[in-house]
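Q: In case you want the letters, here they are:
2 protein chains.
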Amino acid sequence: MSERILVGKALDVEPQFFDNKNVKSVTKRVLIGKKKGATNFVMRLFTVGEGGYSPHHSHPWEHEVFIISGEAAVVTDQGVINAGKGSYVFVPSGVKHQFRNTGNGDLEFLCVIPSSADEE
Amino acid sequence: MSERILVGKALDVEPQFFDNKNVKSVTKRVLIGKKKGATNFVMRLFTVGEGGYSPHHSHPWEHEVFIISGEAAVVTDQGVINAGKGSYVFVPSGVKHQFRNTGNGDLEFLCVIPSSADEE
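Taken in order, these protein sequences are the chains called L and S. Heads up: the first sequence begins at 1 in the working numbering, then just goes up one per residue. Heads up: the second sequence begins at 1 in the working numbering, then just goes up one per residue.
FYI, nobody ran anything at the bench for these hints, they're computed from the structure. Beta carbons are placed, not taken as given, at the ideal position from N, Cα and C, and that holds for glycine. Where hints are given, some of them may not hold.
As the list claims (entries may be wrong) - Part of the chain S face toward chain L, derived, beta carbon under 10 Å:
| id | residue |
| --- | --- |
| 1 | K9 |
| 2 | P15 |
| 3 | Q16 |
| 4 | V23 |
| 5 | V42 |
| 6 | F46 |
| 7 | G49 |
| 8 | I81 |
| 9 | V95 |
| 10 | L110 |
Put together the whole structure using the sequences plus the hints.
A: Below, the structure is given as structure tokens:
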């Protein structure tokens, strides 16, 4: 556990790039996670380029998402739901989902997951 | 547990206002929490008016914070740390902290806490 308050600029965090058959133009930054002493949940920042998308998948951990800028289409089994700047999205565990950038310019969103997830 | 993806606009969530001797000009909205089926952690949006501040306190649960807009001074036992738009702040459990709006206009930040916290 950390004993100190940590402050940093999100864009100074090392980016990870994803671009393959399941993911397009996605940059991920782990802002606060286990390496910084956070034991319960992980805050990540995603930047999705124009026309990009996250995987269309499900997993046993939930997402708590907040759209910082841009326009997203959330692909769900209930249909496609639009979510713009200032929207929240709760994806329960086990529910299939995808985030697609439907705007001009980048889509930026925060996505928080539990530390028990099989990723950071 | 919810089985559905929930999407909403943060500003449509009912606000709670705080203004007393410990807190000034603070509006809180619980975007995603137990009432929406989120069992592990809670995402809240805080809006702090010009000159406003959160309590200077500590508690047994951590904060994962992201500054959406405005300028904050984070008051810590290590000194005051400035955190502007696009900054993250990790407050470990048990560490004293306060967020002060030092900018012109509102300060907006997300603050995620574990569901075990004695608040929502």
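Q: Would you mind marking each hint as holding or not holding in the structure?
A: To see whether the hints hold, each was checked on the structure:
For K9/S, the shortest C-beta to C-beta distance to chain L is roughly 5 Å, which falls under 10 Å, so the interface hint holds. Taking 10 Å as the C-beta contact cut-off toward chain L, the hint placing P15/S at the interface is violated, the least distance being around 14 Å. With a cut of 10 Å, the hint placing Q16/S at the interface with chain L is violated, because the nearest CB-to-CB distance is about 16 Å. A least Cβ separation of about 19 Å between V23/S and chain L goes past the 10 Å threshold, and the interface hint is therefore violated.
Checking V42/S against chain L: minimum C-beta separation of about 8 Å stays under 10 Å; hint holds. Restraint check, F46/S versus chain L: the minimum CB separation of about 12 Å is more than 10 Å; hint violated. A hinted interface residue such as G49/S counts as satisfied when its beta carbon comes closer than 10 Å to some beta carbon of chain L; here the least separation is about 18 Å, so the hint is violated. The interface hint given for I81/S is met, as the beta carbon of that residue sits about 5 Å from the closest beta carbon of chain L, less than 10 Å.
Interface restraint check for V95/S: the shortest CB-CB distance to chain L comes to about 6 Å, inside 10 Å, so the restraint holds. Because the closest C-beta pair between L110/S and chain L is about 6 Å apart, less than 10 Å, the hint holds.
Hints 2, 3, 4, 6, 7, counting from the list given before, are not met by this structure.
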